[in-house]
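Q: Sequence:
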Amino acid sequence: MTSKVKSGSIIQFHTGTEHTAEALPEILDYLKQAGLKPVCVGELIYKNGYTIDNNGLQKAENPTS
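The sequence shown begins at 7 in my numbering and counts up by one.
Hints listed in this document are in silico derivations from the structure and should not be mistaken for laboratory results. Incorrect hints may have been included.
[Claimed, not checked] Label-pair ranges, simulated between beta-carbon atoms:
| no. | residue 1 | residue 2 | range |
| --- | --- | --- | --- |
| 1 | Glu67 | Thr23 | 36 to 44 Å |
| 2 | Glu49 | Thr21 | 17 to 25 Å |
| 3 | Asn54 | Ser9 | 13 to 21 Å |
| 4 | His25 | Cys46 | 20 to 28 Å |
| 5 | Pro69 | Glu32 | 37 to 45 Å |
| 6 | Glu67 | Thr8 | 17 to 25 Å |
| 7 | Gly62 | Tyr36 | 22 to 30 Å |
| 8 | Ala66 | Thr23 | 32 to 40 Å |
| 9 | Asn68 | Thr21 | 19 to 27 Å |
Where a beta carbon is used, it is the ideal one built from N, C-alpha and C, also for glycine.
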């Protein structure tokens, strides 16, 4: 799973599953070694001046040329 992770990737974890808690420290160590910083998904979403289209892509409301 970690081989496809890059800056801006969203990794979904399910709470209450059998192996999530046990795998998390190893995954966080990998991300740190790769120079990546885990953040909450809300920090990845532009809130002002952007919309999200039906494909989930964020687009500037008034793009400049």
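Q: Would you mind marking each hint as holding or not holding in the structure?
A: Okay, the hints, checked on the actual structure:
1. The hinted range of 36 to 44 Å is satisfied by glutamate 67 and threonine 23, whose Cβ atoms lie roughly 38 Å apart.
2. The supplied range of 17 to 25 Å is met by glutamate 49 and threonine 21, whose beta-carbon atoms lie about 19 Å from each other.
3. About 34 Å separates the C-beta atoms of asparagine 54 and serine 9, a value inconsistent with the hinted range of 13 to 21 Å.
4. For histidine 25 and cysteine 46, the hinted distance range of 20 to 28 Å is satisfied, since their beta carbons lie about 22 Å from each other.
5. Taking the beta carbon of each, proline 69 and glutamate 32 are about 41 Å apart, inside 37 to 45 Å as hinted.
6. Take glutamate 67 and threonine 8: their Cβ atoms lie about 35 Å apart, and the range 17 to 25 Å is violated.
7. Roughly 25 Å separates the CB atoms of glycine 62 and tyrosine 36, a value that falls within the hinted 22 to 30 Å.
8. For alanine 66 and threonine 23, the Cβ-Cβ distance of about 37 Å falls inside the hinted range of 32 to 40 Å, so the restraint holds.
9. The hinted range of 19 to 27 Å is not satisfied by asparagine 68 and threonine 21, whose Cβ atoms lie roughly 39 Å apart.
Comparing the model with each earlier hint shows violations of hints 3, 6, 9; every other hint is respected.
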